[in-house]
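Chains as they are written, first to last, in this note's numbering: chain H, 5 to 387; chain E, 5 to 387; chain L, 28 to 176; chain Y, 28 to 176.
Fair warning: there could be bad hints in the mix.
List of simulated lysine-lysine pairs, DSS-like, C-alpha gap at most 27 angstroms [unchecked claim]: (1) H:Lys-17 to H:Lys-186; (2) Y:Lys-116 to E:Lys-17; (3) L:Lys-116 to Y:Lys-132; (4) E:Lys-17 to E:Lys-186; (5) H:Lys-17 to L:Lys-116.
These are computed hints drawn from the structure, not numbers from a lab.
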Amino acid sequence: MVGTGLTHWGVRKATLKELAQEAGKALFDDVDNLPKAEVDSLFVGTALAERLAFQSYVAPMVAEQLGIHPTRMLARTELACVSGQLAMKMAYMAIATGLSDIAAVVGVEKMNLPDMAETQASLAAILDREWEGVAGMTAPPYFAMVAQRHMYEYGTTREQLGLVSVKNHRFSATNPYAHFPKEVSLDQVLNSPMVSTPLRLLDSSGITDGAAAVMLAGEDRAREFTDTPVYIEGAGQAATGNLTVNLPSLTEWPHMRRAVRDALSMAGVTIQDMDLAEVHDCFSISEIIEYEELGLAEKGKGGQFIEEGQSEIGGQLPMNTRGGLLGCGHPLGATGVAQVVEVVQQFTGQVPQERYVGGTWALTHNLSGNANNHSVLVLHRDS
Amino acid sequence: MVGTGLTHWGVRKATLKELAQEAGKALFDDVDNLPKAEVDSLFVGTALAERLAFQSYVAPMVAEQLGIHPTRMLARTELACVSGQLAMKMAYMAIATGLSDIAAVVGVEKMNLPDMAETQASLAAILDREWEGVAGMTAPPYFAMVAQRHMYEYGTTREQLGLVSVKNHRFSATNPYAHFPKEVSLDQVLNSPMVSTPLRLLDSSGITDGAAAVMLAGEDRAREFTDTPVYIEGAGQAATGNLTVNLPSLTEWPHMRRAVRDALSMAGVTIQDMDLAEVHDCFSISEIIEYEELGLAEKGKGGQFIEEGQSEIGGQLPMNTRGGLLGCGHPLGATGVAQVVEVVQQFTGQVPQERYVGGTWALTHNLSGNANNHSVLVLHRDS
Amino acid sequence: MVEAKAERRVPYLLDFYPLQGEEHTRIHPFFQHLQEGRLTTTRCTACGEVLWQPRVVCPHCNADEMEWVDLPQVGEIFAFTSVQAGAPKGMEEDLPFVVGIVTLKGTDMQILARIEGDEESLEIGQPVRVTVERLADGRVWFRFRTVEA
Amino acid sequence: MVEAKAERRVPYLLDFYPLQGEEHTRIHPFFQHLQEGRLTTTRCTACGEVLWQPRVVCPHCNADEMEWVDLPQVGEIFAFTSVQAGAPKGMEEDLPFVVGIVTLKGTDMQILARIEGDEESLEIGQPVRVTVERLADGRVWFRFRTVEA
Ligand SMILES: [Zn+2]
Ligand SMILES: [Zn+2]
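Start from the sequences, fold in the hints, and give me the full structure.
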């Protein structure tokens, strides 16, 4: 990666196209010695544009909004909440195979509609619409049942869930691009409106408009554009399911373990080598289980991990320093790209002191749907 | 490629999932010594499932339908009519980079709804919905204007357009998987119902349900599964636009020339080395212009090329021997994969004698949207 | 049985219920059986695998000869949640509603559906029974309702 | 001016017309101008580029200071087609209708829109003028209609 760009996230008075333009501006301002004509490829991660923006075939549209004319590759990836990371991975493969020399990645999602019930109906189509959406299933009820079972099986407490939100909002309070740039107390979390028992509003990532962008170049050219290139050194992914009832478990995500293991192993490092991690906290319970599947907490002890502050700066592994999905919101296609932006900005010291970690190794993780798919990148900056 | 599978195409009394299952069965029946557990990755090309099947996040759904549990990569690509070829290309990159050893590619589209006006509304969202779809623009009016200008600028005749449909239906008549498996006469084309002046129903690819699948393995493993592996040796893509009015021309597609040139050059061959080609005849006019942009006919002389029978078997380059989009129909995400299936089946002698060409080199081409994006693969079988 | 709502014709883009006729799906017998009050699925005649949801091709052995088998009408709640906000279009009036996962009696097969009954009194392990939901347009779906243990 | 159809509320999933208010789009002045009968677009104040459609960021120089400029109201037909079948949802009653590309007078800028007028008499090069289409809900769009040369 040789440059990054973010738009402001939130309930934006802007269209999908306008968000793409804003992300493009931020990106090209950041890589200001790169002529647009040298960007030979574009990878766009977006999940639900067909429905939420009534617009398909978004990749060439984003190219036009950015003012680039891809001569090597142009692609759009969709994998619900993993759409953005998948675009990153496709760009990585294009550069690794020589099919591209310089590639832009844009993750973008416009989610807020005048009729939010239409947004919710579209989100229900991420799960199997015929057999689960029809029952009113969307992400909150799924993760609510995960939380119920985790509390039932391991004694995880309502307060432990809430602490994840408190931590991530503390980080997003220092992030001017975040949808929710302010701290919340545990009391506020525990008294926020119920969404799907036992999960409350502040246990849940927001429905957010936003975009994020990254520029990739191969090792041979990266230093033309930055003194501190960040490289993708590992990638892992594993999936199972697809129906919720066909998952191996609600509370164990063995395919996440596999994706983490493969990504770390490809990079030749271990989880202990990581300086920070961006993990998919779509709901507070998600991050708790991720502590466990990262191998940092014993199974069932994820709640204790947050209580002990192990995912804070200064803890075992600082996680979600940009504020996570809970603090930043979750524009589906943008999230995976924004996580990489945070890592690059951490590595290059572009974040406020309050959340600065720095370092040279990081992991980003996304899950999608009913956690039936997990995808992991391992990023590295030459020290 | 080590194996292929097709479903019957047409107005199918089957859901998207059922089409995926059928394609999976055909594929695994063809590669019958490959245990499903060894398929580590799945790439799904589909364009409009979010709207036409009210289903997003199709990749893990297709994995479940096929009974595979991807442990390396799982992805869905969308690029309108190029969605399927893009899935092929992503699988190629995954194998080339070592991120996958054995990968399945499935292209699938369910397009026929009880209310076809909803299908048409969704197709209008492939063009820019806000500035073009709103005017009632879909693919037929776009290609109708292309035809009008080609006739106006170069004197291309209505009969020449019709001959493309006659040729491709002659091929589809020998293809039991085709939506339209029967010959048509020039008179029938010229008297078929008008769709968008000057293009008629038989100048237009059908609205078709169907799926196609291919199994890919790296060079080191391919011969475990087949004696006649077919390799992707070249890939090219170029795009411009996106709005129709921002295209360089309606009748010249310079970005197609570029994609063809790059794909051939990567493979180290020329267009003259090709034994057959599958090109994107979404409308009769498309194939005429493709003759020109492939460098086989002078600009404006594409009509003469079909008149002379140069794209027939025995001509300069046989094109669309499976019947093309005109004869087979055009389930958006499936088309690019089915073109590759035809090439593999030609190379391995699995097609009826009437359309047999054989050979060892072939090119497949797809365009998408308002022809603002062109993508090309060059395929080869060791002789 | 759950009563049908007043008829409304929604675009297919917002119609959650599967199209159920023979012209739409190869698993149309499922819906016919449900009309008769039977919850069924497919069993592969080649390898014997019984799967949820019904299939036309067996994911295990790749055979495509399926037979229909009845599933237990009763089971117990494995997990559930009461949805209080964020209903999809067309379900706004249903709020709050309960969705849950039910383990069918004597099997390790689970099914996800709405659960009728007093949410406050629901608990993991509670017995439930299938009930048919009838739409005004003649289609059917299924839910669970609580029963005495 | 094109008269509004009777009001109907379609889901956003099927609503082709852009949302036009300040709360929906940063190019809302375009629609305000169109309400006044003016066809406008943006010009980059940094590099002077005038583009169709209106932008918030200049694709050429990456600046984001734009000003609004009026476009010629007249032009001539570059290409057109009469759509006879396959109308999208909500446009079925419009069939047949003409769509075309118009080159705006004195520019090389082209705009695509519906063209009102007798289809049989249309030809490449024919002069046309912008006309405003008013929707029942207050939104506006534009078409072209033929005029004397
Ligand atoms: Zn079987
Ligand atoms: Zn400028």
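Right, here's what the structure says about each hint:
1. H:Lys-17 to H:Lys-186: 21 angstroms, holds
2. Y:Lys-116 to E:Lys-17: Satisfied, since the Cα-Cα distance of roughly 23 angstroms is no more than 27 angstroms.
3. L:Lys-116 to Y:Lys-132: 46 angstroms, violated
4. E:Lys-17 to E:Lys-186: 21 angstroms, holds
5. H:Lys-17 to L:Lys-116: Within the cut-off at roughly 23 angstroms; holds.
Hint violations for this structure: number 3 only, all remaining hints satisfied.
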